[in-house]
Amino acid sequence: MTDAIPGLFNYWVAIGLFVCGLVMILDSRNMIRKMVGLNMFQSAVFLLFITMGKVENGHAPILADGISRFSNPLPHVLILTAIVVGVATTAVGLALVVRIRRAYGTVDEDEIFDRPEVEPEIVP
Amino acid sequence: MISSALKHLPVLQVVVPLLVAALCVLAGSRFLARTALILTALVMLSISLMLAGQVYPDGVISYALGGWPPPWGIEYRIDMLTVFVLITINLVNLAAAVFALGRNDDNLGRGAHAAFYAAWLLCMAGLNGMVVTNDAFNVFVFLEISSLATYVLIGCGRDPRALLASYRYLVMGAVGATFILLSIGLLYMHTGTLNLTDLAQRIDARGANRTVIMALAFLIIGLGIKCAMMPLHDWLPNAYSFAPNSVTVLLSGTATKVALYVLLRFVHDLFGVDHALSVPVDIVLVACAISGMLVAPLIALRESNLKRMFAWSSVAQISYIILAIGLGTGAGVAAALVHLFNHSIIKVAVFMAVGILIARTGTARIRHLGSVAHTHRFACYTLLFGGLGLIGLPGTPGFVSKWVLVSAVVERGWWWLAIPVLAGSLASAAYVWRIVEILWAKPADIPLQQTRSPLAFVEWFPLVVVMGLVLWFGLHASLVTGWAGLAAAALTGNGS
Amino acid sequence: MIPVSAVVLIPLLGAIGIVLARRHVGLRNLVLVLTGIGNLAMVGHIALNLSGYQEVQVLFETLPGLSIAFHVEPLGLVFGLTAGILWPITSIYAVSYLDACRDTHQTRFHALFCVAIGSAMGIAFSENLFTLFLFYEMLTFSTWPLVTHSRTREAVSAGRVYLGVLLASSLLLFLLAIVLVGNYGSGLSFVPGGQLASTSPALVAVLLVLFVFGIGKAAVMPLHRWLPRAMVAPAPVSALLHAVAVVKAGVFSMLKITVYIFGYDLLNVVFLRDILIWFPAATVLVASFIAMRQDDIKARLAYSTVSQLSYIVTGALMANSLALIGSGMHIVMHAFGKITLFFCAGAIMICSGKKYISDMNGLGRSMPWTFGAFFVASLSIAGLPPTGGVWSKWYLALGALELGQVAILGVLMLSSLMNVYYLLAVPLRAFFLPAPQPQARLECRPALIGPLVLTALLSCALFFLSGDLQGLLADLTRRMASP
Numbered sequence: 023m024t025d026a027i028p029g030l031f032n033y034w035v036a037i038g039l040f041v042c043g044l045v046m047i048l049d050s051r052n053m054i055r056k057m058v059g060l061n062m063f064q065s066a067v068f069l070l071f072i073t074m075g076k077v078e079n080g081h082a083p084i085l086a087d088g089i090s091r092f093s094n095p096l097p098h099v100l101i102l103t104a105i106v107v108g109v110a111t112t113a114v115g116l117a118l119v120v121r122i123r124r125a126y127g128t129v130d131e132d133e134i135f136d137r138p139e140v141e142p143e144i145v146p
Numbered sequence: 022m023i024s025s026a027l028k029h030l031p032v033l034q035v036v037v038p039l040l041v042a043a044l045c046v047l048a049g050s051r052f053l054a055r056t057a058l059i060l061t062a063l064v065m066l067s068i069s070l071m072l073a074g075q076v077y078p079d080g081v082i083s084y085a086l087g088g089w090p091p092p093w094g095i096e097y098r099i100d101m102l103t104v105f106v107l108i109t110i111n112l113v114n115l116a117a118a119v120f121a122l123g124r125n126d127d128n129l130g131r132g133a134h135a136a137f138y139a140a141w142l143l144c145m146a147g148l149n150g151m152v153v154t155n156d157a158f159n160v161f162v163f164l165e166i167s168s169l170a171t172y173v174l175i176g177c178g179r180d181p182r183a184l185l186a187s188y189r190y191l192v193m194g195a196v197g198a199t200f201i202l203l204s205i206g207l208l209y210m211h212t213g214t215l216n217l218t219d220l221a222q223r224i225d226a227r228g229a230n231r232t233v234i235m236a237l238a239f240l241i242i243g244l245g246i247k248c249a250m251m252p253l254h255d256w257l258p259n260a261y262s263f264a265p266n267s268v269t270v271l272l273s274g275t276a277t278k279v280a281l282y283v284l285l286r287f288v289h290d291l292f293g294v295d296h297a298l299s300v301p302v303d304i305v306l307v308a309c310a311i312s313g314m315l316v317a318p319l320i321a322l323r324e325s326n327l328k329r330m331f332a333w334s335s336v337a338q339i340s341y342i343i344l345a346i347g348l349g350t351g352a353g354v355a356a357a358l359v360h361l362f363n364h365s366i367i368k369v370a371v372f373m374a375v376g377i378l379i380a381r382t383g384t385a386r387i388r389h390l391g392s393v394a395h396t397h398r399f400a401c402y403t404l405l406f407g408g409l410g411l412i413g414l415p416g417t418p419g420f421v422s423k424w425v426l427v428s429a430v431v432e433r434g435w436w437w438l439a440i441p442v443l444a445g446s447l448a449s450a451a452y453v454w455r456i457v458e459i460l461w462a463k464p465a466d467i468p469l470q471q472t473r474s475p476l477a478f479v480e481w482f483p484l485v486v487v488m489g490l491v492l493w494f495g496l497h498a499s500l501v502t503g504w505a506g507l508a509a510a511a512l513t514g515n516g517s
Numbered sequence: 041m042i043p044v045s046a047v048v049l050i051p052l053l054g055a056i057g058i059v060l061a062r063r064h065v066g067l068r069n070l071v072l073v074l075t076g077i078g079n080l081a082m083v084g085h086i087a088l089n090l091s092g093y094q095e096v097q098v099l100f101e102t103l104p105g106l107s108i109a110f111h112v113e114p115l116g117l118v119f120g121l122t123a124g125i126l127w128p129i130t131s132i133y134a135v136s137y138l139d140a141c142r143d144t145h146q147t148r149f150h151a152l153f154c155v156a157i158g159s160a161m162g163i164a165f166s167e168n169l170f171t172l173f174l175f176y177e178m179l180t181f182s183t184w185p186l187v188t189h190s191r192t193r194e195a196v197s198a199g200r201v202y203l204g205v206l207l208a209s210s211l212l213l214f215l216l217a218i219v220l221v222g223n224y225g226s227g228l229s230f231v232p233g234g235q236l237a238s239t240s241p242a243l244v245a246v247l248l249v250l251f252v253f254g255i256g257k258a259a260v261m262p263l264h265r266w267l268p269r270a271m272v273a274p275a276p277v278s279a280l281l282h283a284v285a286v287v288k289a290g291v292f293s294m295l296k297i298t299v300y301i302f303g304y305d306l307l308n309v310v311f312l313r314d315i316l317i318w319f320p321a322a323t324v325l326v327a328s329f330i331a332m333r334q335d336d337i338k339a340r341l342a343y344s345t346v347s348q349l350s351y352i353v354t355g356a357l358m359a360n361s362l363a364l365i366g367s368g369m370h371i372v373m374h375a376f377g378k379i380t381l382f383f384c385a386g387a388i389m390i391c392s393g394k395k396y397i398s399d400m401n402g403l404g405r406s407m408p409w410t411f412g413a414f415f416v417a418s419l420s421i422a423g424l425p426p427t428g429g430v431w432s433k434w435y436l437a438l439g440a441l442e443l444g445q446v447a448i449l450g451v452l453m454l455s456s457l458m459n460v461y462y463l464l465a466v467p468l469r470a471f472f473l474p475a476p477q478p479q480a481r482l483e484c485r486p487a488l489i490g491p492l493v494l495t496a497l498l499s500c501a502l503f504f505l506s507g508d509l510q511g512l513l514a515d516l517t518r519r520m521a522s523p
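Sequence order for the protein chains is A, B and C. 23 is the number of the first residue of the first sequence in this note's numbering; add one for each residue after it. 22 is the number of the first residue of the second sequence in this note's numbering; add one for each residue after it. 41 is the number of the first residue of the third sequence in this note's numbering; add one for each residue after it.
Just so you know, the hints here were simulated from the structure itself, not pulled from any lab data. Just so you know, these numbers come straight off a predicted model, no measurement behind them. Heads up, the beta-carbon is just placed ideally off N, CA and C, and yes, glycines get one too. Treat the hints loosely; a few may be bogus.
To be verified - Here are some, though not all, of the chain C residues that point toward chain B, as calculated from beta-carbon distances under 8 Å:
id, residue
1, Ile42
2, Phe170
3, Glu194
4, Val201
5, Ala208
6, Gly222
7, Val310
8, Met332
9, Asp335
10, Lys395
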C-alpha cells in the first residue's frame, strides 16, 4: 500500500491526465478548448500504453551483444498508430470548428444554442 | 491467378474500398467517383457473398495478413457470423450508394463530390475491416477510420446544424474510441496478446481479475457510444437528421450495426459468457435496453422533424438488439442477429422513403406534411409498410425479430421481459400512426413548393429492391433465422 | 379442387381490380359485386365439398412452426358463410348509400372494404394462431381508413380511439398470449383438444385472462369503447364491419381459441374461468342498460352489439357443447339481425335525415318497408319467434344450465327483456305514435331498401334453417369428443 503512490507513479499521472481531459471535454463551452481536452484525454491513454511496455533495466529492443532484457516494443508501435489516429481526429475536428465559425460566427457552444431556433421552414 | 485471388478475399474486402477511395481523390471527377462507388459497392457485396460460399462448407477461414501467422501477426478471421454481418452491411451500402446518385440534399461545392465519395468508401473500408479482423487493436484502427469518414459525411448536410451534429458526434465518438483503446490496453496488460481468439483462451485460462473487469466496463461504454445504447445515444438523432439523405440511409444500416457486432464479439467471444457475467453485464445491458425501448419511442412521438423521429426510432430498435445480446444465450445472439438484419433493411427503406419525400416536398417538418400521401403515393406507402415493420406486425420482418427475441427471452427464463418488448412495439405503433394520420388524413395547411418531378431511376430502384427484401423476409424468414442460428453457434462455440 | 386460400385471395384481388378500374364507375361497381359473388361462390363450394377440404393448406412458412396456413372446420365455415352471404348484399347497399351521400372517395372505400373482408375470411379459415393474428391486425389497419372515411376532426379522433384500443390490447395481451402458447404449449395450430394439456394450471389461467382481454374486437368491457366511437363511419361500414366482420372476428377468435387451443376439458378445470365469465356476463347487462339510455340510433345499436357479443364470449367460456352450438349460431343470427338494423339506420338517416330516436315518431308510415324490416330484425336480436335468434339464445340458455350457473341464465334472460324494450321501441314509436307534422312518403330508392328487406327475410328464414346450422356445429362437438 505504501508503494501505491511512488510504485504506480505512471498510473497516477495517466489517471490525472485522463480526468483533466474528460473534465475539459465535458465542461468547456469553447469548441477549441474541447479539442484540447480531447487530446489530453487521449494522451493519458497513450501514456498508459507506453509505460506498460517498459521493463525494468530493459533496453531498447535491438539485437546487440550484452543486451538480454528488452522493453516490449509492441505498445510503442501501437501508440504510434494511435497518435496518428488522434492527430487525424483533431484535424477533422478543427476543420469542423472552422466551418462552424464560418456558418455561425462563433465557436462557443452556448452562444450557438442560446440563439432562437431558426428552423429553415422550407428548404428549397 | 483467380484461385490465388480467391484466397485473398478477406483482405480484398477491406483493401478494395481503401484503394478506390484514394483513386477517387486522385481522379477528382464527380462522374468517375460515382462510377467507382457503384462498382466498388458491387464488388464488395460480391466478395461478401463469395466469402459466404467459402465459409459455409469450411466453417472458418483464417487469413494471416502479410504471412505473419497468428497470434503474432494480424489475423483476419471469417466465420458464419462475420459473413452474416458483411452481407448485411454491404447490401445496405450498395442500396445507399445507388440512392446517393439521386438528389442528395448536401452542401457540396463543385469538385467536392469526389472527396465525398472517397469518404464514403473509407467509411465502408473501416466498417468492413472491423468485421473481418480478429485483432483487437486492428478493431480500434478500423473503427477510427470509419468514424473519421463518418464525421465528414455527416458534416456534408445542407443545414448548418449538420456541422454541429458532426462536431458533437466527433467529440463523443473520439471519447468512445479512446475508452475502447484503453480497454484494449488493459487486456494487453493482462494477457500480452491482441489476437481475439488467443485473448479469449488466455482470459479463460487465467480467470477474470479486476483488470479484465475494468477492460470490460470501458469497452461497454466505448461501444455503447458507437452503437447508441440508450444513455449514450445523444449523438445519433442529430447526426441522422442533419446528414445528407443518402448518408442517413448508409449509417442507419451499417455504422451502428457494426458497433453492435463488435459488442457481440467482445462480450460473448472474448470474455466468454461466464466471465462477462461474473460482473452483471447482462443486467447493465438489459437495463439500458429497456430504458431505450420505452423512452425513445416516446421522444419520437413528440418529435417535430420527420427524419429525427425515425432516428429516435433507431435508438429504440437498437435497444432490442442490445437486449438480445444481454440475454447471454445462443438464442439471444441469434435474435440479435435476426433483428440486426431485419432492422437494417426496414430502416434503409424508411430513410429512403423519407429522403424522397423531403426532396419532393422541401420540408422535413411533420406538421407541414398534411395529406402529402395523395401526391407522393410511392414514398408514403413504402413509409407506411416500413412503419408497420418497425411496429412488428405479423407479415413483416419486424414480427419475426420480435418473435425470435421474445422466444429467446422466455427461454432464458425472463419471461417478464416480454412485457417491455411488447410495450415498446405499442409505443412504436403510436409514433408510426401519428405520421400516417398526418400523411393521409390531415388537411394540407400550407401550400408547399412541391416539386412534381418524376422519381428518378436511382431513387425508386433501390427502394423497390429493399422493399422487396422486406416483403420477402417478412414471409420467408427461415433463411435469416437459420443463418443467424449458425452464426450464433459459431460465436458461442468459439467462446468456450 | 380450388385451394382454401382462394377465399382470402379473391377479395384481395378484387381490391386491386377496384383500384385499377377507378376511372370507370360502372366497371368498378361491377368488379365489386362480382368479387362478392365470386367469394360467396367459393365459400359455398367449400361448404358443399367439405370432404375435399380435410387438409391444411400452407401458403408461406415464415419460420419452422410459424406458417401462414388455412384449413376448413365447422366454426370457421359458419363465420365464413355468414360474411360471404352478407358481403354482396352490403356491396349493393354501400354503392347506393355512398351515391346518395355524394361521396367522392368511393374507390378507396370499396377497395379497403375488400381488404377487410379478405382479412375476415383469413381469420375464419386460419389454421393457427399466427395466421389468425396476422389477419386480425390486417383487419384492424384496413378498417381504420373506413372509420375515418369522412376525415372530419371527429372521425379522426374516433379513429385514434379505435386503433388505440384494438392495437394496445392485441399487441400487449393477445400477442403475449400467442408467444406464451408458442413457447410453452405444444404448438400454434388449432387442433381439437387444445395445445395446452401439458402446461401448468397457473399458466392456463394467465393465458385465459390474456385472451379474454387481448381480443379487443370482442369488446368485453372495459375494452368496448372503440365500438361506439367507430359509429362515425358510414352506415355500410357500421353494418358489415361493426356488426359482422370485425366484431364477429373477435368473438370468433375467442370461440376458436377456447375450442382449439384450450380445449373444453382443460377450460372446465380452470378455477379462474368461473370468475372471468362474469366479465362478459356483466357486459351483457351493463351494455344493455347503456343502450336503453341512448337516443342516437347508431349509438343504441352499437351498445346493443357490445351486449350481444358478450353473449357469445360468455358462451365460449361456458365450455360445453350446448353453449358452443349456441355461440356458433348466435354469430350467424346476430349478424343477420344487426346488419338489417344498421341498414335501416343508414336508410333512415339518408332518406329522412333523422338520427335521434325521439325524432322518429310517426316515421313508420312514411317508410313502412324500412321500419318493417327494423321490426323483424329487432325480434331476431331479442330472440323471439319467428326469427332465427330464438334458437341461439335457447342453446345458450341450455349451456348455462349445463354449467349449473343459474345466475348467468338470469342475466341472459334479463338482457333479452331489455332488448325487447330498447329495440322494439323504435318501430313501435315510428308506427303508432303520431307524427309531429304530416309527412310525405320518404321511402328510399329500391337499391337501398332491397338489401335490408332481404336480410330481414333471411333472419326469418334462419328460424327454419337452423337445423342445418345446428347439425354443422354438432358435428364439431362430436369431433371434439373423439379427436
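**Hints breached by this structure** = 1, 3, 4, 7, 8, 9 and 10
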